[in-house]
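K.L.:
Chain by chain, the residues:
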Amino acid sequence: MKLALRVVEREPAPAPDEQKRSLDGLGLRPFEESVRVGQGEPLRALEPSVLQINVGKVCNQTCLHCHVDAGPHRRESMSQGVMDACLRYAERPSVRTVDITGGAPEMHPRFRWLVEQSRRLDKHVIDRCNLTIMDTPTHRDLPEFFARHQVEVVCSLPHYRAPSTDRQRGDGVFHKSIKGLRALNAVGYGQGDPERRLVLVMNPVGAYLPGSQETLERDWKRELWRLHGVTFDELFCITNMPISRYLSWLEESGNLRDYMEKLVQQFNPATLDGLMCRTTLSVGWDGLLYDCDFNQMLDLTVESGARRIEDMDGRSVGGRRVVVGQHCFGCTAGAGSSCGGETTG
Amino acid sequence: MGQYYHSEDLAKFPGIADHASDLGEKFFAWYSAVFKEGALSEREKALIALAVAHAIQCPYCIDAYSTGALQKGADPAQMTEAVHVASAIRGGASMVHGMQMKRHVDKVSM
Chain B
4 MKLALRVVER EPAPAPDEQK RSLDGLGLRP FEESVRVGQG EPLRALEPSV
54 LQINVGKVCN QTCLHCHVDA GPHRRESMSQ GVMDACLRYA ERPSVRTVDI
104 TGGAPEMHPR FRWLVEQSRR LDKHVIDRCN LTIMDTPTHR DLPEFFARHQ
154 VEVVCSLPHY RAPSTDRQRG DGVFHKSIKG LRALNAVGYG QGDPERRLVL
204 VMNPVGAYLP GSQETLERDW KRELWRLHGV TFDELFCITN MPISRYLSWL
254 EESGNLRDYM EKLVQQFNPA TLDGLMCRTT LSVGWDGLLY DCDFNQMLDL
304 TVESGARRIE DMDGRSVGGR RVVVGQHCFG CTAGAGSSCG GETTG
Chain R
5 MGQYYHSEDL AKFPGIADHA SDLGEKFFAW YSAVFKEGAL SEREKALIAL
55 AVAHAIQCPY CIDAYSTGAL QKGADPAQMT EAVHVASAIR GGASMVHGMQ
105 MKRHVDKVSM
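Each protein sequence line maps, in turn, to chains B and R.
Heads up: the first sequence at position 145 corresponds to 148 in my numbering, and the numbers run straight through without jumps.
Heads up: the second sequence at position 28 corresponds to 32 in my numbering, and the numbers run straight through without jumps.
No lab work stands behind these hints: they were computed from the structure.
Take these hints with a grain of salt, some might be off.
To be verified - When the alpha-carbon atoms are kept at most 27 Å apart in a straight line, the in silico BS3-like pairs for lysine-lysine are as follows:
1. R:49 / R:16
2. R:16 / R:30
3. R:16 / R:40
4. B:224 / R:40
5. B:182 / B:224
6. R:30 / R:49
7. R:16 / B:265
8. B:265 / R:106
9. R:30 / B:265
10. B:23 / B:182
11. B:265 / R:40
12. R:40 / R:30
13. R:16 / B:224
Work out the full structure, taking the sequences as your base and the hints as a guide.
P.N.:
Okay, structure coming up:
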């Protein structure tokens, strides 16, 4: 049975200024104040060890919670010149990981080239994969390509059963995701081999925080094996950030105030040291620089002399003050949240 | 007429210890320990709590464990089955007492 992916057309996310007003207008404790109370000084970044490259916003899905507002209708795509500048930056010994994201980064015409060049620099490469892309005619060989280049594949699966997954990510996504996971397992991914690392990401399918990552990982491993014969290496639990499409959903469903109050109440100063903005430099499709992918979607460029990756030759962004806003409470609630899962424990 | 239940009271639950702090401390320590992972997983305990919340019809518990079960990785279908379990036990408890009715009827009837 061929199951088609039903892509829902979504309203565009509000402009960044409007999103900021929605969050600031709630009158909750400012994030900067929580940081000051938590560690006595503003948040500062270290020299980046992760170069996260957003190659564009085109995607074959339109997930309800997407912070990129990605979809098949998007046209933003990184140029060769910007990609070259990313690789020049990645040559630095301080950069250990090249983390490629999107949209669906594999849809970029130079995606594979970027992976190959990053591996030539002996950098660890992460691909943020939606799994369903591997079931499209031009991308069916992605598992073999990933295996050949020891790419760490990080993919989303909000639940080990179809209804919740499809509600968040679109009708048909769950079955195609399982197909994709089986294809990755078939080439050695998800079986404990550090060169074939398969990570699943779970975002809550609603206005609540994720439970314990350790406990959920045990459940996901047991049930995915029992129900679908699929294995993986690690589960990351990532809190939904109150921006973009997810913010729109929070507002439309009447959950925004409660959700933000929960995030603020559960601010955990122990998460500050492990925040991804401290060790990541995020590059937008157009070459602009950000402290993280979320700031990228809010057009909050870095506070640094250079604002573009092309201007970074010989320059450093280590020690910079991180640009923060009320959305940052998403990364500091409870056990903390990042592109690498929980940031405490 | 005013309402008896106020959903905002759930967040203020620790305040029940205000006039009996020692007992309150013991209760909340035990409560917290009950829901930690043990022989049963956190998700199993959350689903049990959800089922019991429906059996005793506590609106605070229903709210708390609806969110709690979701956080622990349950989905709406699993949670609905838990409500059915609660309902089956409640309904079943009435039905099985019908065996007492049958015993009595059998005794006094010709």
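K.L.:
Now tell me, hint by hint, if it's right for this structure.
P.N.:
Status of the hints after comparison with the structure:
With a CA separation close to 23 Å, the supplied pair residue 49 of chain R and residue 16 of chain R stays within the 27 Å bound. This hinted pair checks out: residue 16 of chain R and residue 30 of chain R have alpha carbons roughly 17 Å apart, not beyond 27 Å. At most 27 Å may separate the alpha-carbon atoms for a hinted pair to count; residue 16 of chain R and residue 40 of chain R meet this at roughly 22 Å. Restraint check for residue 224 of chain B and residue 40 of chain R: the C-alpha separation of about 20 Å stays at or below 27 Å, so the hint holds.
Taking the CA atoms of residue 182 of chain B and residue 224 of chain B, the gap is about 16 Å. The hint holds against a cut of 27 Å. Simply put, residue 30 of chain R and residue 49 of chain R have alpha-carbon atoms about 20 Å apart, close enough for the 27 Å limit, and the pair holds. Of the supplied pair hints, the one linking residue 16 of chain R and residue 265 of chain B holds, its CA atoms being roughly 14 Å apart against a limit of 27 Å. Between the alpha carbons of residue 265 of chain B and residue 106 of chain R the distance comes to roughly 54 Å, so the proposed pair goes past 27 Å and is violated.
For the hint pairing residue 30 of chain R with residue 265 of chain B, the CA-to-CA distance comes to about 26 Å; that is within 27 Å, so the pair holds. Restraint check for residue 23 of chain B and residue 182 of chain B: not satisfied, since their Cα atoms lie roughly 39 Å apart, outside the 27 Å limit. Proposed proximity of residue 265 of chain B and residue 40 of chain R is supported: the alpha carbons are some 21 Å apart, at most 27 Å. A distance of roughly 16 Å separates the Cα atoms of residue 40 of chain R and residue 30 of chain R; the hinted pair therefore holds under the 27 Å criterion.
Restraint check for residue 16 of chain R and residue 224 of chain B: the C-alpha separation of about 36 Å exceeds 27 Å, so the hint is violated.
Of the numbered hints listed earlier, those contradicted by the structure are 8, 10 and 13.
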